[in-house]
Amino acid sequence: MAAASDASAGTATIHTGPGYTGSYFDPPLGGRTGLWSWLTTTDHKRIGLMYLYAMGTFFLVGVALGIMMRLELLNPGMQYVDHRTYNTFFTLHGVIMIFLFIVPGIPAILGNIILPLQLGAEDVSFPRLNLLSWYVYMAGAFMAVTSLFAGGGTPDTGWTFYAPYSLRTGTNVSLAVMAAFVLGFSSILTGMNFITTIHRLRAKGMGFFRMPLFCWGLYATSWIQVIATPVVGITLVLLFMERTVGIGFFDPARGGDPILYQHLFWIYSHPVVYVMILPAMGIISEILPVFARRTIFGYKAIAMSSMAIAGVGYLVWGHHMFTVGMSDTARWVFSLLTFLVAIPTGIKIFNWVATLYKGSIAAEVPLLYAATFIFLFSIGGLTGLVNGALSTNIHIHDTAFIVGHFHYTMFGGAGIGLFAGLHHWFPKIFGRMFNRKAALAAWGLIFVGFNVLYFPMLVMGIMGMPRRYADYLPEYHLPHMISTFGSWILAAGIVLMVVNLVRSARHGERAPDNPWGGTTLEWQTTSPPPQLNFAKVPENPGDPYDFTRIIAERGQGR
Amino acid sequence: MNTQAATATGHVVHRDPVGAKTGMWLFLFTEVLLFGGLFVVYAVYRQMHTADFHEAAYELNRYMGVANTFVLLTSSLTMVLAVGALQRGQAGRSLRWLGATFALAAVFLVVKYFEWSAKYSHHIFPGQEYLKELPHGQDLFYNLYFMMTGLHGIHVVIGMIVMAVVFAKIRSGAVRAGRHGMLEYTGLYWHLVDLVWVFLLPLFYLTA
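So the sequence lines, in the order shown, correspond to chains R and S.
Just so it is clear: in the first sequence, position 57 is 56 by numbering that gives the first Met the number 0, and no numbers are missing.
Just so it is clear: in the second sequence, position 156 is 155 by numbering that gives the first Met the number 0, and no numbers are missing.
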């Protein structure tokens with residue numbers, strides 16, 4: 000408390016010096032207060048929170064669009080919207096959820112807040128660049144939102160902007176692709192920042208194989224962001240130029256090749272699904288040992304499998320294009336490589352299950368989300384092999400099965416992973432506990448609603464229901480109806496979760512520094528952490544998952 | 000290498016030249032991939048329309064292209080000399096070399112301007128109806144030429160802006176011996192711009 004009064008007296012070094020135990024929510028020095036102190040902050044935790052608020056808003060918009068699509072599909076025939084409006088719905092849902100939420104989501108929110116804490120650093124390597132990437136993100140988001148209203152109307156191409164339709168449609172595709180380009184730039188800056196941070200700012204004595212696994216997940220992710228994003232950047236610029244001046248690269252009438260656009264697009268956009276999933280896998284690897292109070296099983300295997308997924312993930316993009324008329328050789332090579340991705344993924348899943356085996360398990364909310372991740376992502380991964388096999392791919396290509404599959408991986412994986420991480424680190428970030436009962440109820444609704452919503456999609460897809468159709472034959476009525484009911488349950492769960500977290504951030508019980516008994520460095524500072532994270536700079540942190548001390552203090556059982 | 004010092008406001012200032020250089024190299028990496036996408040497009044269409052590419056390349060002025068290559072290579076040399084001079088603490092000499100680099104970059108753009116306007120007067124420019132009447136391969140070749148040299152030109156302009164900023168910072172003493180990172184990174188960027196051009200020259204001017 001003495002420190003706080005010194006600060007108000009204007010004494011320097013109070014907020015930064017050793018021994019300071021205040022919170023990063025306190026106004027920083029330099030006279031900046033309120034909103035202005037947030038908009039000009041270079042504190043990685045504050046920037047992470049600004050991402051959280053922006054992305055949370057876009058996520059809810061995306062959810063609303065999804066609900067509206069499901070509502071139209073409740074009954075056969077057209078009830079509420081026409082076909083064109085439905086096309087804009089799935090385009091907007093895709094663009095918002097992918098470019099504004101799930102691709103940048105975990106790295107920008109939890110990566111920003113937690114990475115420097117786990118490394119024992121005071122901030123990221125380039126704090127001002129970090130703030131710049133938030134502004135670039137907001138600029139891209141602003142352009143994306145503007146493209147919905149301005150010009151020729153809301154884009155209706157689907158989030159992939161496939162040529163040649165994207166070249167011909169009168170809707171506002173030009174602005175939308177430039178928005179995606181700008182958002183990609185933000186993602187590149189974050190990736191560069193994290194790679195440099197991990198190389199340069201690990202605590203003294205923390206070797207690469209002493210890093211927590213979330214950092215490994217972010218490391219693999221950042222490399223993909225840096226290597227893959229520029230390619231889609233230039234592709235989208237070419238699409239923009241094609242629409243504005245006409246350069247003919249993707250226009251078959253001028254000798255261009257629309258398939259080339261698909262190749263260039265997926266060279267980025269397949270690796271980017273690993274940008275979504277790898278940090279989520281990192282979060283799961285953090286949560287399981289803490290709630291099993293037991294060291295992680297196969298640390299190096301999990302760390303290396305992240306890098307393996309990132310590496311092999313570059314070479315599999317062709318599996319989105321099995322039906323476009325590629326050569327048979329290209330198809331079987333892409334199919335084989337796709338199957339190879341399952342190996343490091345399987346390694347992770349088995350290691351996670353082995354971590355839980357004979358652990359002292361506390362079924363707290365973060366663990367429930369983590370277990371949900373493993374369950375849903377296993378379904379997503381296995382249905383991915385169905386897509387990756389050439390013969391079955393022909394049958395299920397462009398059906399609801401694909402939609403079900405990628406929602407199981409992206410939402411069931413990356414989305415649930417983010418929810419897991421938010422609950423796990425909530426006490427650290429806000430210094431307050433969330434309401435456990437409400438969180439449990441929200442988790443239950445989300446788990447049930449998710450499966451009721453997406454599992455029927457897998458079934459209808461195999462029956463032959465095409466994706467992106469606003470209308471359907473009567474034989475698909477039952478699965479569509481079940482799926483729409485599921486969307487209501489899921490939405491209720493999400494709303495309850497959001498309300499609970501927002502309320503608890505203000506009114507929850509005060510959280511102790513280490514509520515779950517975690518061993519990594521972020522649990523060794525106060526909740527919420529001070530502006531420069533640690534009162535005393537950590538050194539030689541040792542094995543990140545060594546629970547001997549926690550067990551000695553708190554016991555083996557629960 | 001990782002040092003820090005508290006300033007009067009209590010704000011901790013980190014100085015990590017190795018980290019900063021790591022970040023710069025990562026950025027250059029993304030630049031290579033940005034151009035890489037265009038090189039892929041070039042490779043695919045050249046494979047499909049080899050004869051047309053050869054035919055269309057006759058239209059480009061080889062002499063201007065080669066002259067510009069020498070201009071850029073020389074500018075890379077003057078950039079290295081500017082960095083070297085500043086490292087030895089010779090700020091005045093460094094400023095002169097940096098000014099020379101800036102001037103050479105401007106010469107490059109002027110030559111480019113004459114080339115482009117000559118093409119424009121022959122209706123060879125993206126969006127012109129004339130291009131659409133050419134064989135597909137030639138149409139694609141010219142559009143690729145303008146996209147790739149255009150993107151390269153934008154990088155030259157950005158390079159010049161950064162050089163002007165660094166120039167001012169050397170004069171004010173903010174960038175000096177021992178704190179010359181910013182000039183060094185500008186140099187790295189400039190060499191990349193140079194390197195890209197070294198690939199563009201044979202792919203466009205010398206394929207005829």
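Treat the hints with care, as some may be off.
A few chain R positions that, by computed beta-carbon distances, are all more than 10 Å from chain S [stated by the list, open to error]: (1) Leu-34; (2) Leu-70; (3) Ser-124; (4) Tyr-164; (5) Ile-187; (6) Gly-190; (7) Asn-192; (8) Thr-195; (9) Thr-228; (10) Val-244; (11) Gly-297; (12) Trp-331; (13) Val-385; (14) Gly-463; (15) Arg-467.
Simulated pairs of lysine-lysine, DSSO-like, Cα-Cα distance not exceeding 30 Å [to be verified]: (16) Lys-111(S) with Lys-131(S); (17) Lys-203(R) with Lys-535(R); (18) Lys-20(S) with Lys-299(R); (19) Lys-203(R) with Lys-168(S); (20) Lys-20(S) with Lys-535(R); (21) Lys-299(R) with Lys-357(R); (22) Lys-118(S) with Lys-131(S); (23) Lys-20(S) with Lys-118(S); (24) Lys-357(R) with Lys-436(R).
The set of hints was computed from the structure by calculation and includes no laboratory data.
Values in this document were obtained by computation on a predicted structure and should not be read as measured data.
Beta carbons are placed, not taken as given, at the ideal position from N, Cα and C, and that holds for glycine.
Taking the hints in turn, this is what the structure says about them:
no. : hint                       : in the structure
1   : Leu-34                     : 21 Å, holds
2   : Leu-70                     : 40 Å, holds
3   : Ser-124                    : 5 Å, violated
4   : Tyr-164                    : 20 Å, holds
5   : Ile-187                    : 5 Å, violated
6   : Gly-190                    : 8 Å, violated
7   : Asn-192                    : 7 Å, violated
8   : Thr-195                    : 5 Å, violated
9   : Thr-228                    : 7 Å, violated
10  : Val-244                    : 4 Å, violated
11  : Gly-297                    : 30 Å, holds
12  : Trp-331                    : 21 Å, holds
13  : Val-385                    : 30 Å, holds
14  : Gly-463                    : 35 Å, holds
15  : Arg-467                    : 27 Å, holds
16  : Lys-111(S) with Lys-131(S) : 24 Å, holds
17  : Lys-203(R) with Lys-535(R) : 13 Å, holds
18  : Lys-20(S) with Lys-299(R)  : 29 Å, holds
19  : Lys-203(R) with Lys-168(S) : 34 Å, violated
20  : Lys-20(S) with Lys-535(R)  : 28 Å, holds
21  : Lys-299(R) with Lys-357(R) : 20 Å, holds
22  : Lys-118(S) with Lys-131(S) : 15 Å, holds
23  : Lys-20(S) with Lys-118(S)  : 40 Å, violated
24  : Lys-357(R) with Lys-436(R) : 27 Å, holds
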